[in-house]
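Chemist: Sequence:
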Amino acid sequence: MEVQQFYYDNKIVKKFLYATMLWGVVGMLVGLILAFMFLFPNLTDGISWLSFGRLRPLHTNAVIFAFVGNAIFAGVYYSLQRLLKARMASDLLSNINFWGWQLI
383 MEVQQFYYDN
393 KIVKKFLYAT
403 MLWGVVGMLV
413 GLILAFMFLF
423 PNLTDGISWL
433 SFGRLRPLHT
443 NAVIFAFVGN
453 AIFAGVYYSL
463 QRLLKARMAS
473 DLLSNINFWG
483 WQLI
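The opening residue of the sequence shown carries number 383 in the numbering used here; numbering runs sequentially from there.
Be careful, since some hints might not be right.
What the hints assert, rightly or not - Each pair of labels, with its calculated beta carbon distance range: (1) Val408 <-> Arg464: 42 to 48 Å; (2) Phe418 <-> Arg464: 39 to 45 Å; (3) Lys467 <-> Leu411: 15 to 21 Å.
Unchecked claim - List of simulated lysine-lysine pairs, DSS-like, C-alpha gap at most 27 Å: (4) Lys393 <-> Lys467; (5) Lys467 <-> Lys397; (6) Lys467 <-> Lys396.
To be clear, the hints were calculated from the coordinates, so they are not data collected in a lab. Cβ atoms here follow ideal geometry from the backbone N, Cα and C, with glycine treated the same way.
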């Protein structure tokens, strides 16, 4: 009996982990700017697109959907292949899932 060897698709897991780190940094930097706005209320006077009301949704959405969502997808892609002992069916669909989630 011949033993078949296969490889897990770790490229998509790495993509989601890198995106998790990137969006985590973006979300935390916006949160840091918001914290400085509490300390220095006149920090962004005159710049309407840097107002608290516009930065707060960016911070919460970046942390909740981008950071946590990418981490969940990385965990799912990592664990699903090992639990099922099979590679993902299509690299194309995995990449569509990755880029579609980044565009949302």
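Chemist: Now tell me, hint by hint, if it's right for this structure.
Modeler: Taking the hints in turn, this is what the structure says about them:
1. Val408 <-> Arg464: 42 to 48 Å: 30 Å, violated
2. Phe418 <-> Arg464: 39 to 45 Å: Roughly 43 Å apart at Cβ, these two residues keep to the hinted range, so it holds.
3. Lys467 <-> Leu411: 15 to 21 Å: 40 Å, violated
4. Lys393 <-> Lys467: Holds: Lys393 and Lys467 sit about 17 Å apart, inside 27 Å.
5. Lys467 <-> Lys397: Measuring from Cα to Cα gives roughly 21 Å; hence the hint holds.
6. Lys467 <-> Lys396: 19 Å, holds
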